[in-house]
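> For reference, the chains in residue letters:
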Amino acid sequence: MTANVACRDGVDVLMDYLEGVLSAADRGGVEVHVSGCPRCAAFIESYRETPRILRAATDAELPADLASSLHRFLASRR
Amino acid sequence: MGMASPATDEDDEALAARAAAGEGLAFEALVNRYQARVYRLACRMIGNDGDANDVLQETFLAVHRGLAGFRAESRFSTWLYRIATNAALMHRRTRARRPAESLEAFLPRFDDDGRHAGEPADLRAASRADEILDRKDLADKARAGLERLPEIYRDAFVLRDLEELTTAEVGELLGIDAAAVRQRVHRARLMLRGYLSDLVGVKA
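Those sequence lines, one after another, are chains X and D.
Under this note's numbering, the first residue of the first sequence carries the number 384, and numbering increases by one thereafter.
Under this note's numbering, the first residue of the second sequence carries the number 2, and numbering increases by one thereafter.
Honestly, the hints are just simulated from the structure, not real lab data.
Hints may be right or wrong, so weigh each one.
Unchecked claim - Taking beta-carbon pairs under 8 Å as the criterion, some of the chain X residues facing chain D (in silico):
(1) Tyr-400
(2) Glu-402
(3) Ala-407
(4) Glu-414
(5) Leu-445
(6) Leu-449
(7) Arg-461
Quick caveat: nothing in here was measured; it's all calculated off a predicted structure.
Note that CB positions come from ideal geometry on N, CA and C, so glycine has one too.
Just need the whole structure built from these sequences, with the hints factored in.
Listed below in structure tokens is the structure:
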């Protein structure tokens, strides 16, 4: 990656960047760009928060009646 | 010593060994330990309209049947996740595909020079979806968002980002390499990020 990274280039490799699998040169290119780009900084913040928000919002609890029917079902099959 | 009662701190593999030897209480302890996680995984992968309950039952039935063949070289939780993931995927295959309006429209937008189209405040807005939206509303919308993800992205995202397995574990479960896992999870994050932005009233 050249020093001339556009926002789109950084977005394309963002997951690889965060997982630490980019080459040192590409990593440097992304960091130089992001340090001078408030848009990318804002984008990355929301990109990183997305899994956390979805994880909390889909943390379904097992309803008590399903838990009891599971135990009854398994008892009947043992 | 007869029937030792399953201590809550006994590790999974020890419980599994006792369950495989026919100790009902040890099996019960494993079910109690993992039932909520399996149910949550099923809800995330296929929705919770009754199908999640089927996956829950099928998973533990398969665990019970498979315990004799379980070898403690692998972790019990990894083995269980494999069974549960396969049960969810099989279940989804048997039901009619519901056409869902894709989330492609929420991918990030760039100008002709490859720069982000939005302003920083708008680009950041998705981060605050959980502060802005009512909890119940966000839960409903999150579920709907997962439904609208193309399945290959949904599976990778659920396992990697929601269940927090490692990229390597997800690759093993889905039969794809690590680069493909990262590509799919990335795509899902981009779409869901844009979807969250849209929920808080911002197109960015």
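> Do the numbers back the hint for X:Glu-402, that is, is its least Cβ distance to chain D under 8 Å?
With Cβ-Cβ at 6 Å, under 8 Å, it holds.
> Min Cβ distance, X:Leu-445 to chain D: is it shorter than 8 Å?
Constraint on X:Leu-445 satisfied, holds at 4 Å.
> Would the stated hint for X:Leu-449 survive a check requiring a Cβ distance to chain D of less than 8 Å?
holds (5 Å)
> Please check whether X:Ala-407 passes as an interface residue: C-beta within 8 Å of a C-beta belonging to chain D.
violated (18 Å)
> Just to be careful: measuring from the Cβ of X:Glu-414 to every Cβ in chain D, is the smallest value less than 8 Å?
With a minimum Cβ separation of about 17 Å from chain D (threshold 8 Å), the hint on X:Glu-414 is violated.
> Under 8 Å, Cβ to Cβ, is where X:Arg-461 needs to be relative to chain D, so tell me if that hint holds or is violated.
Constraint on X:Arg-461 satisfied, holds at 7 Å.
> May I ask you to test the interface hint for X:Tyr-400 with respect to chain D, counting a Cβ-Cβ separation under 8 Å as satisfied?
Since the shortest Cβ distance to chain D is 10 Å, the answer is violated.
Checked against the numbered hints above, the structure violates hints 1, 3 and 4; every other hint is satisfied.
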